[in-house]
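Using the sequences and the hints, build the whole thing.
2 protein chains.
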Amino acid sequence: MAPQVTVDSINPKVIDCQYAVRGEIVILAQKLQQEIQAKPEAYPFQEILYCNIGNPQSLGQKSITFFREVLALCDHPAILAKSETQALFSADSIERARKILDQIPGRATGAYSHSQGIKGLRDTIAAAIEARDGFPADPNDIFMTDGASPAVHMMMQLLIRSEKDGILCPIPQYPLYSASIALHGGTLVPYYLDEATGWGLEVSELKKQLQEAKSNGITVRALVVINPGNPTGQVLAEENQKAIVEFCKEEGLVLLADEVYQENVYVPEKKFHSFKKVARSMGYGEKDIHLVSFQSVSKGYYGECGKRGGYMEVTGFGADVREHIYKLASVNLCSNITGQILASLVMSPPKVGDKSYESYIAERDGILSSLARRAKTLEDAFNKLEGITCNKAEGAMYLFPRINLPKKAIKAAEEVKTAPDLFYCRRLLNETGIVFVPGSGFGQVPGTWHFRCTILPQEEKIPAIVTRLTDFHKRFMDEFRD
Amino acid sequence: MAPQVTVDSINPKVIDCQYAVRGEIVILAQKLQQEIQAKPEAYPFQEILYCNIGNPQSLGQKSITFFREVLALCDHPAILAKSETQALFSADSIERARKILDQIPGRATGAYSHSQGIKGLRDTIAAAIEARDGFPADPNDIFMTDGASPAVHMMMQLLIRSEKDGILCPIPQYPLYSASIALHGGTLVPYYLDEATGWGLEVSELKKQLQEAKSNGITVRALVVINPGNPTGQVLAEENQKAIVEFCKEEGLVLLADEVYQENVYVPEKKFHSFKKVARSMGYGEKDIHLVSFQSVSKGYYGECGKRGGYMEVTGFGADVREHIYKLASVNLCSNITGQILASLVMSPPKVGDKSYESYIAERDGILSSLARRAKTLEDAFNKLEGITCNKAEGAMYLFPRINLPKKAIKAAEEVKTAPDLFYCRRLLNETGIVFVPGSGFGQVPGTWHFRCTILPQEEKIPAIVTRLTDFHKRFMDEFRD
Numbered sequence: 001m002a003p004q005v006t007v008d009s010i011n012p013k014v015i016d017c018q019y020a021v022r023g024e025i026v027i028l029a030q031k032l033q034q035e036i037q038a039k040p041e042a043y044p045f046q047e048i049l050y051c052n053i054g055n056p057q058s059l060g061q062k063s064i065t066f067f068r069e070v071l072a073l074c075d076h077p078a079i080l081a082k083s084e085t086q087a088l089f090s091a092d093s094i095e096r097a098r099k100i101l102d103q104i105p106g107r108a109t110g111a112y113s114h115s116q117g118i119k120g121l122r123d124t125i126a127a128a129i130e131a132r133d134g135f136p137a138d139p140n141d142i143f144m145t146d147g148a149s150p151a152v153h154m155m156m157q158l159l160i161r162s163e164k165d166g167i168l169c170p171i172p173q174y175p176l177y178s179a180s181i182a183l184h185g186g187t188l189v190p191y192y193l194d195e196a197t198g199w200g201l202e203v204s205e206l207k208k209q210l211q212e213a214k215s216n217g218i219t220v221r222a223l224v225v226i227n228p229g230n231p232t233g234q235v236l237a238e239e240n241q242k243a244i245v246e247f248c249k250e251e252g253l254v255l256l257a258d259e260v261y262q263e264n265v266y267v268p269e270k271k272f273h274s275f276k277k278v279a280r281s282m283g284y285g286e287k288d289i290h291l292v293s294f295q296s297v298s299k300g301y302y303g304e305c306g307k308r309g310g311y312m313e314v315t316g317f318g319a320d321v322r323e324h325i326y327k328l329a330s331v332n333l334c335s336n337i338t339g340q341i342l343a344s345l346v347m348s349p350p351k352v353g354d355k356s357y358e359s360y361i362a363e364r365d366g367i368l369s370s371l372a373r374r375a376k377t378l379e380d381a382f383n384k385l386e387g388i389t390c391n392k393a394e395g396a397m398y399l400f401p402r403i404n405l406p407k408k409a410i411k412a413a414e415e416v417k418t419a420p421d422l423f424y425c426r427r428l429l430n431e432t433g434i435v436f437v438p439g440s441g442f443g444q445v446p447g448t449w450h451f452r453c454t455i456l457p458q459e460e461k462i463p464a465i466v467t468r469l470t471d472f473h474k475r476f477m478d479e480f481r482d
Numbered sequence: 001m002a003p004q005v006t007v008d009s010i011n012p013k014v015i016d017c018q019y020a021v022r023g024e025i026v027i028l029a030q031k032l033q034q035e036i037q038a039k040p041e042a043y044p045f046q047e048i049l050y051c052n053i054g055n056p057q058s059l060g061q062k063s064i065t066f067f068r069e070v071l072a073l074c075d076h077p078a079i080l081a082k083s084e085t086q087a088l089f090s091a092d093s094i095e096r097a098r099k100i101l102d103q104i105p106g107r108a109t110g111a112y113s114h115s116q117g118i119k120g121l122r123d124t125i126a127a128a129i130e131a132r133d134g135f136p137a138d139p140n141d142i143f144m145t146d147g148a149s150p151a152v153h154m155m156m157q158l159l160i161r162s163e164k165d166g167i168l169c170p171i172p173q174y175p176l177y178s179a180s181i182a183l184h185g186g187t188l189v190p191y192y193l194d195e196a197t198g199w200g201l202e203v204s205e206l207k208k209q210l211q212e213a214k215s216n217g218i219t220v221r222a223l224v225v226i227n228p229g230n231p232t233g234q235v236l237a238e239e240n241q242k243a244i245v246e247f248c249k250e251e252g253l254v255l256l257a258d259e260v261y262q263e264n265v266y267v268p269e270k271k272f273h274s275f276k277k278v279a280r281s282m283g284y285g286e287k288d289i290h291l292v293s294f295q296s297v298s299k300g301y302y303g304e305c306g307k308r309g310g311y312m313e314v315t316g317f318g319a320d321v322r323e324h325i326y327k328l329a330s331v332n333l334c335s336n337i338t339g340q341i342l343a344s345l346v347m348s349p350p351k352v353g354d355k356s357y358e359s360y361i362a363e364r365d366g367i368l369s370s371l372a373r374r375a376k377t378l379e380d381a382f383n384k385l386e387g388i389t390c391n392k393a394e395g396a397m398y399l400f401p402r403i404n405l406p407k408k409a410i411k412a413a414e415e416v417k418t419a420p421d422l423f424y425c426r427r428l429l430n431e432t433g434i435v436f437v438p439g440s441g442f443g444q445v446p447g448t449w450h451f452r453c454t455i456l457p458q459e460e461k462i463p464a465i466v467t468r469l470t471d472f473h474k475r476f477m478d479e480f481r482d
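Chain order of the listed sequences is A and B.
For what it's worth, the UniProt record's numbering labels the leading residue of the first sequence as 1, then goes sequentially.
For what it's worth, the UniProt record's numbering labels the leading residue of the second sequence as 1, then goes sequentially.
Please note: incorrect hints may appear among the correct ones.
To be verified - DEER-style ranges, computed between Cβ atoms: (1) B/Ser370 to A/Asp102: 58 to 68 Å; (2) A/Glu35 to B/Ala131: 29 to 39 Å; (3) A/Glu163 to B/Gln30: 36 to 46 Å; (4) B/Asp365 to A/Leu80: 25 to 35 Å; (5) A/Leu80 to B/Ile15: 39 to 49 Å; (6) A/Asn216 to B/Thr6: 47 to 57 Å.
Stated by the list, open to error - One side only, chain A facing chain B, incomplete, derived with CB under 7 Å: (7) Ile10; (8) Asp75; (9) Gly200; (10) Gly339.
Note that these hints are calculated values from the structure, not bench results.
All residues carry an ideal CB built from backbone N, CA and C; glycine is no exception.
Here's what the structure looks like:
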């Protein structure tokens, strides 16, 4: 018999799942890159400028020295006692590595850990959350994961029983959410962020969408909030967060708080507040609200995407439900120990008085201030382009400009059976080597068009991006202007 | 409104999922360990002897020096050029780290990689598979994963559409399979390994179970084979493998080959053959059979469980199905880079002439020969116990002895609403500190009772395990003998 597995016979949920961040445009970009390497004169540009994904180190961002010193020492503890090590590594990285190894049963960095992660590292993380929020955090509430994505999948797997279960998600959203809901067979209940008010999150919109979902027979189980926003870059005001907590409490919804950009705030008038801090400051405790906060080592100023570290802090569930979350964590045994160690480090970096403190602060602030400048430069550049408006990047790593495409361009896109924003991004890539992700991958108000642009290319490349983009956009508009 | 998520309202597939390897006995063991630490005189033993999980480094197995040197250097490449590094690290580890960094785009070990893993590392792995099998391997068929577990989940997610889709699994089996099938809502179609012939895998049994499943309206999509076996430790003969390949080809089934114990073979008369090599040697190529091979850095002589590295080699699927597998890999972005590097290292360790070669071989063979001795000692000890028979551990890391429990013991277990094998394991743990996993977690012929015992405690502890087990078993039989 011939092999039986065809696209017609695989899980339709897998077929339904979309993941634009690594979709068509990125595959095209990789193809162009290979062609340029083989034949540099093939295109009018010599390199692909990736603005498609929050992957800072792939674009030249340096890792934080202290973190990498500790990881190296934990990988090869045999050198800890050698005199040469004193010359190669900072004194506090050696001390920290020893401390971490003492926290690991048997000092075995090559062993599976507790399913939730090494207890000592969870103690460190819980203490850091307490220091950040001013409210208690319990190490037993921490589930360490290979980045935030597996944590999100775990919660979707727990909550979604069928297509009658809905998850309220922002539109635009990071497509991990739509992909995970599709894979687990649930229904994405969209709520629209208000572009006109800087991607504002209105509780009236949440209520409206919740009611509409209910009237369609959907049981809404959770609300996803991404703060700072991805792909939209807004930072929620504390008052707004209180209203969201109140809404979740009133409706008995799980608040899934994607807080992976908590260190990425670029404007002095905004500050990150964790949803747990906000809920606790309102007097709401374990018994009042289900709350899950996601954190990752991939974002912040550290940008350690490849290490796949992160955690979720799970509060407000009964012991019996917690057992099932624990079981889900157990089925994959544990997250990788290097990522676990790094998660403890980003939550507990060098402190005043530590040998590495000043160099650490210089590295951290260098990255964050440069990101703020890049965000501003790109935002200004977008706002100068005909038919493009762009909200401020208050936080995160992205801009999500809106493009008012001429009718002629929309028609040209339709003729090649392509979404108009994809049409624009594909042209941009082919003519300039710049990679944006079309807004349709994140969701947008029907009839509007956007794209996501990261602020991550190294600062010296930003002028070239602005120039190429500006020239391309002018040509594009000259060709298609109505 | 009070929080709404209770055990009655979570995904029933999560409730159905069982994962014994980290189940009740292990939780009890952790509790005892804490009690002993607090109050050493509380129990007649001073330490818990974990024989429950294939986690060698948690029990004192040392990591392979060369692998850890390379990992440390890749974590902190800034020291590569320093003179002190020459004194601390072997020359070939420095050379290998440089080579690996050259294979990583931008030398960025902190960046997300290609969704399937870093291309250069996949080239290394494919070359190693070719060298192992004598048949071509394509780096584009390699999907690197955080250990083998996520790879298994990915294939289950791809193949299972509903409870009408079945997966043929060995009984006894490693509970990752039953857990993953339950989580994805499919049906486990059991086939029984024949204990009397050393856990033989009979194709007649496969055919029988396939027919029975079909007559129950189940579409069987895949066959899981674990070779060397977990928890059963047998190594399949090549002729047997050929018959299995033929069966999968005839029935159009995906052959899911769990080959994570490929380096763990302890008897001279048996040899590991990959299913891909067997299929290709029969003349079956891409168009003839769907074949997925799982490999992990957690097993072998390296036992690097905490690093969460591994890969699957996916062959025989059409390009359109492959795109969906790629998409599933993309949704989690990529596996951790440390694990990816380690997977390339275990598949391509030091070679004759390399500076580390001799010390590497000494470390490797020291571990493997000690594992073989431990397997034999434990097997012999089990076979000396009244009512216990134990097949040979030809490979893997486990023994799965059968215990002929007295009727009185079964009755006593029933009175406390406990499976008889769990009853035995719980008593054993409480009285000796030895942790076995009851056979019911792996599946067994109804009415028979077993437990899984790893061969991983350090060699100097084996005599104590044997003595304590022997004494306990005698007391147990004296209490319950019919």
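Evaluated hints:
1. Between B/Ser370 and A/Asp102 the Cβ separation comes to about 27 Å, which falls outside the hinted range of 58 to 68 Å.
2. Separated by about 32 Å at the C-beta atoms, A/Glu35 and B/Ala131 satisfy the suggested range of 29 to 39 Å.
3. About 39 Å separates the C-beta atoms of A/Glu163 and B/Gln30, a value consistent with the hinted range of 36 to 46 Å.
4. One distance hint, 25 to 35 Å for the beta-carbon pair B/Asp365 and A/Leu80, holds here, with the actual separation near 27 Å.
5. Under the hint 39 to 49 Å, the C-beta atoms of A/Leu80 and B/Ile15, about 46 Å apart, fit the expected range.
6. For A/Asn216 paired with B/Thr6, a C-beta distance near 24 Å fails the hint of 47 to 57 Å.
7. At about 5 Å, the closest approach between the beta carbon of A/Ile10 and any beta carbon in chain B falls short of 7 Å, and the interface hint on this residue holds.
8. A hinted interface residue such as A/Asp75 counts as satisfied when its beta carbon comes closer than 7 Å to some beta carbon of chain B; here the least separation is about 4 Å, so the hint holds.
9. With a cut of 7 Å, the hint placing A/Gly200 at the interface with chain B is violated, because the nearest CB-to-CB distance is about 25 Å.
10. About 6 Å separates the beta-carbon of A/Gly339 from the nearest beta-carbon of chain B, less than 7 Å, and the hint is met.
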